[in-house]
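One line per chain: the protein sequences are A and B, in this order.
Residue 130 is where the first sequence starts when you use the numbering used here, and the numbers rise one by one after that.
Residue 2 is where the second sequence starts when you use the numbering used here, and the numbers rise one by one after that.
Don't take each hint at face value.
Just the calculated beta-carbon pair ranges, DEER-fashion [as the list claims (entries may be wrong)]:
#: 1; chain 1: A; residue 1: 347; chain 2: B; residue 2: 5; range: 34 to 44 Å
#: 2; chain 1: B; residue 1: 174; chain 2: A; residue 2: 188; range: 22 to 32 Å
#: 3; chain 1: A; residue 1: 255; chain 2: B; residue 2: 219; range: 43 to 53 Å
#: 4; chain 1: B; residue 1: 178; chain 2: A; residue 2: 188; range: 27 to 37 Å
#: 5; chain 1: A; residue 1: 150; chain 2: B; residue 2: 21; range: 24 to 34 Å
Calculated from the structure, these hints are not laboratory results.
These numbers were taken from a predicted model, which means no experiment stands behind them.
Backbone N, C-alpha and C define an ideal beta-carbon position, used for all residues, glycine too.
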Amino acid sequence: MTTNKETILETSGLTKKLGGKPVVKDVNLRIGRGDIYGFLGPNGAGKTTTIRMLLGLAKPTRGSIRIFGKDISKDRLAILRSVGSLVEYPSYYGHLNAIENLEAVRRLLTVPKNRIDEVLSVVRLTKDAKRPVKGYSLGMKQRLGIATALLGNPELLVLDEPTNGLDPAGILEIRELIKSLPKSHGVTILISSHLLSEIEQMATRVGIIAKGSLIYEDRIEKLRERSQGHIHLGVSEPEEAWKLLSASGVKASLVEGKLTVAEKNNAAIAAIVARLVGERHQVYRVEEEKVSLESIFLDMTGVEGSL
Amino acid sequence: MMLRIMSVEFLKLRRKLVWLLVLLGPLGVVALQAVNFGLRYDYLTKQYADDLWGGLIDNVSMLMLPTLFIGLTILASMTAGIDHQMNTWKQTLALPVNRASIFAGKFAVTAILLLCSSTLLVPFTLLLGFLLDFGFEELPLADLAMTVYYPFLAIMPFIALQVWLSVAMHNQALPLTVGIIGMIAGMFASQFPDWMPWKWPSLINDRDMPLYSVGAGLTLGLIVMLLGMCQFVRKDVR
Ligand SMILES: Nc1ncnc2c1ncn2[C@@H]1O[C@H](COP(=O)(O)OP(=O)(O)OP(=O)(O)O)[C@@H](O)[C@H]1O
Ligand SMILES: [Mg+2]
Numbered sequence: 130m131t132t133n134k135e136t137i138l139e140t141s142g143l144t145k146k147l148g149g150k151p152v153v154k155d156v157n158l159r160i161g162r163g164d165i166y167g168f169l170g171p172n173g174a175g176k177t178t179t180i181r182m183l184l185g186l187a188k189p190t191r192g193s194i195r196i197f198g199k200d201i202s203k204d205r206l207a208i209l210r211s212v213g214s215l216v217e218y219p220s221y222y223g224h225l226n227a228i229e230n231l232e233a234v235r236r237l238l239t240v241p242k243n244r245i246d247e248v249l250s251v252v253r254l255t256k257d258a259k260r261p262v263k264g265y266s267l268g269m270k271q272r273l274g275i276a277t278a279l280l281g282n283p284e285l286l287v288l289d290e291p292t293n294g295l296d297p298a299g300i301l302e303i304r305e306l307i308k309s310l311p312k313s314h315g316v317t318i319l320i321s322s323h324l325l326s327e328i329e330q331m332a333t334r335v336g337i338i339a340k341g342s343l344i345y346e347d348r349i350e351k352l353r354e355r356s357q358g359h360i361h362l363g364v365s366e367p368e369e370a371w372k373l374l375s376a377s378g379v380k381a382s383l384v385e386g387k388l389t390v391a392e393k394n395n396a397a398i399a400a401i402v403a404r405l406v407g408e409r410h411q412v413y414r415v416e417e418e419k420v421s422l423e424s425i426f427l428d429m430t431g432v433e434g435s436l
Numbered sequence: 002m003m004l005r006i007m008s009v010e011f012l013k014l015r016r017k018l019v020w021l022l023v024l025l026g027p028l029g030v031v032a033l034q035a036v037n038f039g040l041r042y043d044y045l046t047k048q049y050a051d052d053l054w055g056g057l058i059d060n061v062s063m064l065m066l067p068t069l070f071i072g073l074t075i076l077a078s079m080t081a082g083i084d085h086q087m088n089t090w091k092q093t094l095a096l097p098v099n100r101a102s103i104f105a106g107k108f109a110v111t112a113i114l115l116l117c118s119s120t121l122l123v124p125f126t127l128l129l130g131f132l133l134d135f136g137f138e139e140l141p142l143a144d145l146a147m148t149v150y151y152p153f154l155a156i157m158p159f160i161a162l163q164v165w166l167s168v169a170m171h172n173q174a175l176p177l178t179v180g181i182i183g184m185i186a187g188m189f190a191s192q193f194p195d196w197m198p199w200k201w202p203s204l205i206n207d208r209d210m211p212l213y214s215v216g217a218g219l220t221l222g223l224i225v226m227l228l229g230m231c232q233f234v235r236k237d238v239r
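Only chain A is shown next, with the shape it has when bound in the complex:
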């Protein structure tokens, strides 16, 4: 389904060297219209560097970026007109209030004044809009950053770790907000994070970057399938049981006396158990072992413990 969607953003061979060493290597991203693309990677993987290039803030050392079918190195301004962004931590003028902050951006976007009230109500900052932003909590600043990104009615929203430093309630709130956008406004979203758990509940597609290379890109369901567990069978004679099952065409493995079958659906498991019992094996346990998405992610990125 995703493959025949219109491509909104595409990079090919995107590479950036900083201080002589490549921090983004040969990255090929593809984001379709209406996707919520989770851009994942541990600290220092190159997410922010990639996003800076996507926004024209930094020039790629090599490779190209096409957004809405246009090349960023040629049509930067035309592209940026339809892109809203929040990079790393929110930028704001602390001595100005939320309305003035948004006005400073609005004048450069030339959107109607009432957009300010609209985006303020989307992020629920209307009540605090007249206070200087330096007195805001981190969550409020982050919400103001999202409001700023939404101001120009963007077709593509680029959010770099928008939940950074927020408490669980704040994370939930931003997640709900982000999930609602593609439905209500037809926006495509690129959202980066170093926590899979934060993204998996909203992303439709994920790209995983580690040490500058994109090592995985697919629908979130594909990643979920990997996390489906295995069924362990605790039996009296594992060796015998394994031979029996293998002989009757069941994919089973025996590692250190632990019998595992690849089958997952209920009927198949029931048949296997019946078979074993029928051959007088004693079945002590039927257990499912789930692999968490997080540990798959850690496996892939080869990082011990994400921060």
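Given chain A, work out where chain B with the ligands should sit, using these hints.
Here is chain B with the ligands on its own, set in the frame of chain A:
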């Protein structure tokens, strides 16, 4: 586009002390001259007896030059600092605006603020002249305007340089140091050869043509501004 960028720049200066600074510069210059003339009224009025206004304007101009140098340094640092503080560069430059215009905007704002400051010197000096009882008959308006606006134009290379440095560097220590060195150099400028830009704001040159200094200042100012702009357009934003 430029107008919109300028309006945003002035919006960002709200509730900053920039305007107070713009007022304080010329006020300080005239206040010091008020003290000078107040304390030495008889001596100075005798010395400048045939041109009282001319004497006052010369004295004002003498203090004005170092004030211009330090004023433009601080103004450039403040207008750039607004965007350094919370790194709002990345937000602004990810908007559909030309980078060159953003740089030109910073330059224009700094120049306009300095121009306001210079302009204020005119009424302040006139007021001091009235208080010193120098008479209303021959108001030296042309003379005063030249004293105020020619150096402002001749000092353009330094406005451009300070805007460039202040915009390029997050830490303002170096730009401020360069500005202060410029101010000190400016105080000894009358002994410099004519080609030294520090001398131009004093309007002194061998040909005795103030407009030469103004022309040189405008030309080099434009060049430095364009160089800064080129660098700003190319550099990666953090
Ligand atoms: N100016 C620079 N010079 C040299 N190396 C740099 C520079 N800026 C960033 N890097 C390196 O580039 C790598 C990628 O940094 P980047 O900020 O893109 O990571 P990230 O994925 O956004 O990480 P995080 O989750 O911590 O935000 C890091 O290893 C960093 O040390
Ligand atoms: Mg980052």
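We went through each hint and held it up to the structure:
no.: 1; hint: 347/A with 5/B: 34 to 44 Å; result: holds (43 Å)
no.: 2; hint: 174/B with 188/A: 22 to 32 Å; result: holds (28 Å)
no.: 3; hint: 255/A with 219/B: 43 to 53 Å; result: holds (49 Å)
no.: 4; hint: 178/B with 188/A: 27 to 37 Å; result: holds (31 Å)
no.: 5; hint: 150/A with 21/B: 24 to 34 Å; result: violated (47 Å)
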